[in-house]
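Fit chain Z to the given chain H structure using the hints.
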Amino acid sequence: MTQLAPNVLRDAACIVGIGETAVCRKPGSGLSVMALQLKAVAAALEDAGLRARDIDGIMPFPNLGRAEAFAASLGCENLRFAATLNLGGASPVAALRMAAMAVATGVANHVLVPGGWNGYSGARTREIAANDVESIPGAAIARDWYLPYGLSAPPQWYALMAQRHMHEYGTRAEQLGAVALAMRRHAQLNPGALMCGKPMTMADYLASPMITAPYRMLDCCLETDGAAAYIVSSTARARDLRQRPVSIMGAASGQPYPADDIINRKDFHRTGLTTAAPEAFAMAGVTPADADFAQVYDCFTFEVIQQLEEAGFCRRGEGGAFVENGAIELGGRLPVNTHGGLLSQAHLLGIGHVVEAVRQLRGEAGARQVKDAEIGVVTGWGDFGDGSIAILRRVN
Amino acid sequence: MGSTEAKLVRPLPLMEGMTKEFHDWCARGELRFQRCRACGEFRHVPRELCAACGSFEWEWARSSGRGTVFTFTVVARALHPAFAQAVPYAAAVIELEEGVRFLGNVVDCPPDDLRIGMPVRVDFEKQTDSITLPVFRRA
Chain H
1 MTQLAPNVLR DAACIVGIGE TAVCRKPGSG LSVMALQLKA VAAALEDAGL
51 RARDIDGIMP FPNLGRAEAF AASLGCENLR FAATLNLGGA SPVAALRMAA
101 MAVATGVANH VLVPGGWNGY SGARTREIAA NDVESIPGAA IARDWYLPYG
151 LSAPPQWYAL MAQRHMHEYG TRAEQLGAVA LAMRRHAQLN PGALMCGKPM
201 TMADYLASPM ITAPYRMLDC CLETDGAAAY IVSSTARARD LRQRPVSIMG
251 AASGQPYPAD DIINRKDFHR TGLTTAAPEA FAMAGVTPAD ADFAQVYDCF
301 TFEVIQQLEE AGFCRRGEGG AFVENGAIEL GGRLPVNTHG GLLSQAHLLG
351 IGHVVEAVRQ LRGEAGARQV KDAEIGVVTG WGDFGDGSIA ILRRVN
Chain Z
1 MGSTEAKLVR PLPLMEGMTK EFHDWCARGE LRFQRCRACG EFRHVPRELC
51 AACGSFEWEW ARSSGRGTVF TFTVVARALH PAFAQAVPYA AAVIELEEGV
101 RFLGNVVDCP PDDLRIGMPV RVDFEKQTDS ITLPVFRRA
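As they're listed, the protein sequences go chains H and Z.
Going letter by letter, the first sequence gives residues 1 to 396 in this note's numbering.
Going letter by letter, the second sequence gives residues 1 to 139 in this note's numbering.
Excised from the complex, chain H in its bound form (with noise of 0.2 Å):
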C-alpha cells in the first residue's frame, strides 16, 4: 500500500476545544436535533475561546444536519471547508484525521466536528429498518440479503461477529460482562453519566434479558438524547487559545472487506481498525504500549473486545482474557471508557469518547482522571465494521 511518509501529519493539529450538552433519556432533550448540537457547539466555542465566525471547517455527523445550515446557524460567513464521513459511529474519530489534513494545508483554520441526536425520545436506532430500511448501512444488500431472514438492527448483525469468535476463541459471557461492568464502574465517578448512582454487578449482567445471543440487555448501549462536538486547529494557531491543546499524534480510518456485506469477509474478523490501527500508531510513532487510556466506540460489549484485539492492544483471540480482572478499569493496565461510554454514560455517536479523552489529557477528569495520562487512544467503530482511531497527546 502506497502511504505517505507516515509523519506527515503528526503534531500537525490538535483538538482546541470541546463541548458536551447534558444527556437524558425521558422526558427527552425537548429540542431539535440541529438545536442540541448547536448547544454543544457553543460549548465547544467557548471552551476554545473561538467566536463562530472563526470556524471556517465544519464536519458534520451523516443525516444529522449540514454544514450549510450549521454555518448560517452559527453565522460562519465564510465556510471554507465542508465534508461528512459516511462511517457511522466511526465518522467523528475519522473525521480527527481529515480535520487535521484541512488546517495543517490551510484549507481551513478551525474546523467543527458536531454531533448529536435524540436517540431515545426521537427514532430509535434499533428500529432503523422498520422506519426507514434505505437508511440502514448495507443498504439495499441488508434489505434484500439480511432483513427476509429476521436481522434488522446492529446488535443482531454484530451478534454474528461475536458468537463466531466465541466458538474459535473461546470467549466467555463473563469476558463480555467485564466490559459491562469496567463502563458501569467508570460511570460512578462521572456525574454527567446517565447510569451514575445505578451500580451493576456480574449477577445483574448474566440475569439480564437475551436480546440477540450472545447479547443480552447489559451488552447493549443507551438510547439518549443528547450532543457533542469538538473543534480542530493547526498546532501554531493553538498555542495562542484558551486551553491546552491536545495534539493528534496519528489517526487512521478503515474498512473490512467487503465493507457493505458482513456474511461474505474471508477474514470474518477483520474491521476497519485491523489496517487502520498500524497507520495510526506508525504515523505517530508510538505503540499501543504506550498508550494511558483508551476510549473504545462500545456500541456493544464485544465491539470493545475486538477493538482491543485490532487495534493491537492484544492478539486476535486474547482480547477476552484481556479485559478480565479490572484490566480496563481505571487503575488497570489499561482503563478503557472512563466517563462510562455508550454503554453507562450516553450514545453521543463517538463524539463523547473524544471529548473524554481530551479532559483526560488535560487532567481534568475528576474522581476519574488516569493519573499522568500523557497518550491516549480513541476509537470508532460504525455501519458493518468500519473503524476509526486517533492517538492523541497532551501539550506541555
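Any given hint could turn out to be false.
Coverage of chain Z stretches by chain H, computed from C-beta distances (three or more under 8 Å per stretch; other residues unrestricted) [said to hold, decoys possible]:
hint: 1; segment: 13–22
hint: 2; segment: 67–74
hint: 3; segment: 79–87
hint: 4; segment: 98–112
These are calculated hints, taken from the structure and not from any lab test.
No residue lacks a Cβ here, since even glycine has one placed at the ideal position from N, Cα and C.
Then chain Z, alone, in the frame of chain H:
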C-alpha cells in the same frame, strides 16, 4: 392498506436485477450463485464483476445446497414488528460447499439446538406467488 398492516408482513427482497434472477431460480427449486466464467470463483451477494479477477463474465452456477452453520444469533426480542410473533428465532450464516456464505433460517431446528459446524441442506419456501426464499434443514 395502512402502513401498520404493511409493517406486519415479513419483509421480502426487492425483485429486480440479479436479486430477482437469484430468487427466480429458487422458485424452480434450485440454489444458484454467481460463478465467474474466467476464474471460476463463486460469489454472493450478487455483484457486477468478479472481485478476484475483474471479469464481467459470469453464470448462475448451481450449488449443492449443502453446507454448515458458520455463525448465528438467536433473536429473543424482535427489533422489527414483522418478527414480533416469531421470537425466539435464529438467523444463521450458512457456509456452502462452494465457499460462499448465505444468511438464512434453519427451519427444522429449535434455536437452542443450533450449533456452529452443524451440517445443513437447502430447501425452499414459497412466500408469495413470485417470491420463494431458500431455507435450511438439518442434514
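Hints and how they fare:
1. With 3 residues having a beta carbon nearer than 8 Å to a beta carbon of chain H, the segment 13–22 of chain Z meets the requirement of three or more and the stated coverage holds.
2. Here's how the segment 67–74 of chain Z fares: 5 of its residues keep a CB closer than 8 Å to some CB of chain H, so the rule of at least three is met and the hint holds.
3. Counting residues of the segment 79–87 of chain Z whose C-beta sits closer than 8 Å to any C-beta of chain H gives 6, which meets the bar of three, so the coverage hint holds.
4. Only residues whose beta carbon comes within less than 8 Å of a beta carbon in chain H count, and the segment 98–112 of chain Z has 6; three or more means the coverage holds.
The structure fails none of the hints (numbered hints given earlier).
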